[in-house]
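Student: Sequence:
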Amino acid sequence: MISIKRVCRRLFMSILFLGALTTTFEVISGVEAKDVANWYYEDYKNVEERSKGEHNGDTFRVLGLTFKSMNSEPAVQTKISSSVEAVKQDITLEEAIDWSKYPVKKVVATGYTAGVESTGKNPNHPSYGITYSGVKVKRDLYSTVAADLDIFPLGTILFIPGYGYGVVADKGGAIKGNRLDLYYETVKDVYNNWGKKQLDVYVVQMGDGTLTEEQLKRLNEEESMQVFREKYIKSKTKS
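Residue numbering for the sequence shown follows our numbering, starting at 35 and increasing by one per position.
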């Protein structure tokens with residue numbers, strides 16, 4: 035009986051001592067005992083989470099950071115000009131542009147020259163090679179063509195498949211209604227490259243009734259279109 039009382043008394047004294055020690059610690063440090071317990075618990079939980087992450091969580095965490103990094107990187111784009119693409123793919127004007135967006139007109143197209151066979155004028159004539167608009171005839175990326183000016187006013191830009199761009203610069207006694215006369219430099223070119231065709235042409239821009247040498251020059255010097263002009267020059271040289 036005496037030994038039991040002694041044990042109880044010692045246990046009670048130990049509890050009092052621990053209580054006093056805890057109180058002293060809190061007074062000196064300003065930290066409560068429950069905060070210390072929470073720290074140990076949080077530390078234990080973090081260790082446990084890291085242990086789990088070694089098998090699955092870290093994989094998704096790394097992937098998430100990777101995607102975030104990828105999204106934050108500036109996009110690197112390879113810019114290829116339309117002219118470079120045209121050279122690489124050897125595409126034609128017909129293939130390079132979506133012509134379905136433009137109004138279509140069905141016409142009968144023939145070819146003509148500046149010579150006596152088409153105009154009745156010889157090279158020594160003062161107005162030889164001069165169109166009704168006042169500009170000189172030209173076979174280029176944008177070539178001069180003749181039309182009925184009631185249908186296609188001067189300055190109208192057409193795309194003619196198999197010929198290229200035509201700018202209405204002239205008229206003719208036989209060019210009435212839905213007819214066009216396409217300029218070529220020689221009679222041989224007319225017969226070899228065109229002849230007479232019925233086809234659909236695309237109205238790129240309706241003219242205002244005027245056309246100047248400066249306007250025609252600007253069209254033919256358009257930088258983004260030069261690759262097609264080069265193809266035309268090469269093909270003309272071969273012929």
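Where hints are given, some of them may not hold.
The list that follows gives simulated cross-link-like pairs (lysine-lysine, BS3-like), each with its CA atoms no further than 27 Å apart [as the list claims (entries may be wrong)]: (1) LYS139 <-> LYS172; (2) LYS155 <-> LYS135; (3) LYS231 <-> LYS155; (4) LYS135 <-> LYS222; (5) LYS135 <-> LYS251.
Don't read these hints as lab results, they were simulated from the structure.
Student: Hint by hint, say whether it matches the structure.
Tutor: Hint by hint, here is what the structure shows:
{"no.": "1", "hint": "LYS139 <-> LYS172", "verdict": "holds, 23 Å"}
{"no.": "2", "hint": "LYS155 <-> LYS135", "verdict": "violated, 40 Å"}
{"no.": "3", "hint": "LYS231 <-> LYS155", "verdict": "holds, 25 Å"}
{"no.": "4", "hint": "LYS135 <-> LYS222", "verdict": "violated, 34 Å"}
{"no.": "5", "hint": "LYS135 <-> LYS251", "verdict": "holds, 26 Å"}
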